[in-house]
Amino acid sequence: ETGVTQTPRHLVMGMTNKKSLKCEQHLGHNAMYWYKQSAKKPLELMFVYSLEERVENNSVPSRFSPECPNSSHLFLHLHTLQPEDSALYLCASSQVSTLYNEQFFGPGTRLTVL
Amino acid sequence: KQEVTQIPAALSVPEGENLVLNCSFTDSAIYNLQWFRQDPGKGLTSLLLIQSSQREQTSGRLNASLDKSSGRSTLYIAASQPGDSATYLCAVAGNAGNMLTFGGGTRLMVKP
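Which chain is which? The protein sequence lines are A and B, in order.
Under my numbering, the first residue of the first sequence carries the number 1, and numbering increases by one thereafter.
Under my numbering, the first residue of the second sequence carries the number 1, and numbering increases by one thereafter.
Simulated from the structure, these hints should not be mistaken for lab results.
Do not take every clue at face value.
[Said to hold, decoys possible] Straight line, CA to CA, 27 Å or less: simulated DSS-like cross-link-like pairs of lysine-lysine:
1) A/Lys18 / A/Lys40
2) A/Lys19 / A/Lys36
3) B/Lys111 / A/Lys18
4) B/Lys111 / A/Lys19
5) A/Lys41 / A/Lys19
6) A/Lys41 / B/Lys68
7) A/Lys41 / A/Lys22
8) B/Lys1 / A/Lys19
9) A/Lys40 / A/Lys19
10) B/Lys42 / A/Lys41
11) B/Lys68 / A/Lys22
12) B/Lys42 / A/Lys36
13) B/Lys111 / A/Lys36
14) A/Lys22 / A/Lys36
15) A/Lys18 / A/Lys36
16) A/Lys41 / A/Lys18
17) A/Lys40 / A/Lys22
18) A/Lys18 / B/Lys42
19) B/Lys42 / B/Lys111
20) B/Lys68 / A/Lys19
21) B/Lys111 / B/Lys1
22) A/Lys40 / B/Lys111
[To be verified] Here are the simulated distance ranges between beta carbons:
23) A/Gly3 / B/Gly83: 20 to 28 Å
24) B/Gly83 / A/Gly14: 35 to 43 Å
25) B/Gln54 / A/Lys41: 28 to 36 Å
26) B/Ala9 / A/Glu53: 31 to 39 Å
27) B/Leu19 / A/Gly14: 40 to 48 Å
28) B/Gly41 / A/Asn57: 18 to 26 Å
29) A/Ala39 / B/Gly83: 37 to 45 Å
30) B/Ala9 / A/Ser59: 17 to 25 Å
31) A/Glu67 / B/Gly60: 35 to 43 Å
32) A/Glu53 / B/Val13: 43 to 51 Å
33) A/Lys18 / B/Asn18: 24 to 32 Å
No residue lacks a Cβ here, since even glycine has one placed at the ideal position from N, Cα and C.
For reference, chain B alone in the conformation it holds in the complex (with noise of 0.2 Å):
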C-alpha cells in the first residue's frame, strides 16, 4: 500500500525566502505525481504535475522534482510572498493515475 509523508507539517517563513517543501512516498512504481495547493476552508488548486518519466517540471516560482528511485519529490518556492501562505499537498499516483494518495500536507506561512 502506497504511504505518503510530507515534513515539515507546518513552516513559518519571513516574506522573501526560497523555501523547499518535502514529500517522500513508499512504493516507486508512480503514474505521476502531483502538487496541490489548498487555502483554508477550499478545495484543491493544481499546481504542478510530473509524469513518471519526468525530473522536473517548473511554474512561475514554483518549481516540483521527482527522484522516482528514492521514493522523493520536492517544491521549490522561490521569493516567498504572503500570498503563498495555504497547506501544500502531493499526491501520487498509480493505476494510470486513476489512483490518488495524498500526503498529510505542509501547512505554509508566510510573514510579511
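Pulled out of the complex, with its shape left as it was, chain A reads as follows (with noise of 0.2 Å):
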C-alpha cells in the first residue's frame, strides 16, 4: 500500500452518463496528481494540484473536470466521455517542499465507456 487510494477500482458508463472518480492521499501531502494511462500511448499527465494552484495539460477535453476541496482528496469529474477515453486513470500525491518531490500512486480506476 502506498498511501493513496482510489475508488472506484472499475467503473463501466455510457457516453451520456456522469462519473466522479475519487482519489485520497493519507500521506500529508501537498500536492496531487490525475494521470491518464491508454492502451498504446504512455502515461501522460493531466492535471496537477500543488499548494492550492492548479495546473493543467493543454490538451485534456472539458469533458474531464478536477476538483480538489483540500489537500488530502481530488476528484475527477466525468461527463459525455467517448470510448477513446477508455483507460486506466491514476492518482498521485507527493510533498512539494521536501528535497525529492517524489510521487506516490495510487492503483487506478480502469475506466470503461461504451
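Please assemble the complex out of the two chains, which come individually in their own frames, going by the hints.
Spelled out as C-alpha cells, the structure:
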C-alpha cells in the first residue's frame, strides 16, 4: 500500500452518464495529480494541484473536470465521455517542499466507456 | 517539450541474469528522474528516485544511474527473479518535480 487510495477500482459507463472518480492520500502531502494510461500511449499527466494552485495539461478535453476540496482529496468528474476515454486513471501525491518531491501512486480506476 | 524513450520495449530473460533497462530523454534540464514498477492492471510502485545532482541510487538488487548531460538513465537489475516480471517505467520531472513525463515502459519477463 502506498498511502494513496482510489475509488471505484472499476467503472463502466455510457457516453451520456456523469460519474466521478475519487482519490484520497493519507501521506500528508501538499500536491495531487491525475494521470491517464491508455493501452497504446505512455502515461500522461492530466492535472496537478500543488500548494492550492491548479495546473493542467492543455490537451485535456473539457469533459474531464477536476476538483480538489482539500490537500487530501482529489476528484475527477466525468461527463459525456467517448469510447477513446477508456483507460486506467491514476492518482498520485507528493510533498513539493521536500528535496525529492517523490510521487506516490494509487492503484488506479479502470474506466470503460461504452 | 520533453520526450522520454525506453529501450527495449519488451525483454525476456532466464532467471539469474543481470540486465539493464535504458531510458533516454531529450531535455537535460530535469529536476529528478524516477523509476517505477507496474504489475498488470495495477498502479505504480516507486523503485528509485535520482536527483538531478546525483549520479546513481541503489536499492537492494537495483541500481539506477543518471547521465544528465547525455540525457540517459539506466536501471540495472542484478540476479533477476521471476518476481521481477513487470513493466518498468522511467519518468523525468521538470518544474520543481511537479510535471512527470513518462516513457513507454519496458515489459520484462523473467523465466524460471
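Consistency of the hints with the structure:
no., hint, result
1, A/Lys18 / A/Lys40, "25 Å, holds"
2, A/Lys19 / A/Lys36, "16 Å, holds"
3, B/Lys111 / A/Lys18, "44 Å, violated"
4, B/Lys111 / A/Lys19, "41 Å, violated"
5, A/Lys41 / A/Lys19, "24 Å, holds"
6, A/Lys41 / B/Lys68, "25 Å, holds"
7, A/Lys41 / A/Lys22, "23 Å, holds"
8, B/Lys1 / A/Lys19, "32 Å, violated"
9, A/Lys40 / A/Lys19, "24 Å, holds"
10, B/Lys42 / A/Lys41, "16 Å, holds"
11, B/Lys68 / A/Lys22, "36 Å, violated"
12, B/Lys42 / A/Lys36, "13 Å, holds"
13, B/Lys111 / A/Lys36, "30 Å, violated"
14, A/Lys22 / A/Lys36, "14 Å, holds"
15, A/Lys18 / A/Lys36, "18 Å, holds"
16, A/Lys41 / A/Lys18, "25 Å, holds"
17, A/Lys40 / A/Lys22, "25 Å, holds"
18, A/Lys18 / B/Lys42, "24 Å, holds"
19, B/Lys42 / B/Lys111, "21 Å, holds"
20, B/Lys68 / A/Lys19, "42 Å, violated"
21, B/Lys111 / B/Lys1, "38 Å, violated"
22, A/Lys40 / B/Lys111, "25 Å, holds"
23, A/Gly3 / B/Gly83: 20 to 28 Å, "23 Å, holds"
24, B/Gly83 / A/Gly14: 35 to 43 Å, "39 Å, holds"
25, B/Gln54 / A/Lys41: 28 to 36 Å, "29 Å, holds"
26, B/Ala9 / A/Glu53: 31 to 39 Å, "36 Å, holds"
27, B/Leu19 / A/Gly14: 40 to 48 Å, "44 Å, holds"
28, B/Gly41 / A/Asn57: 18 to 26 Å, "24 Å, holds"
29, A/Ala39 / B/Gly83: 37 to 45 Å, "25 Å, violated"
30, B/Ala9 / A/Ser59: 17 to 25 Å, "24 Å, holds"
31, A/Glu67 / B/Gly60: 35 to 43 Å, "39 Å, holds"
32, A/Glu53 / B/Val13: 43 to 51 Å, "44 Å, holds"
33, A/Lys18 / B/Asn18: 24 to 32 Å, "51 Å, violated"
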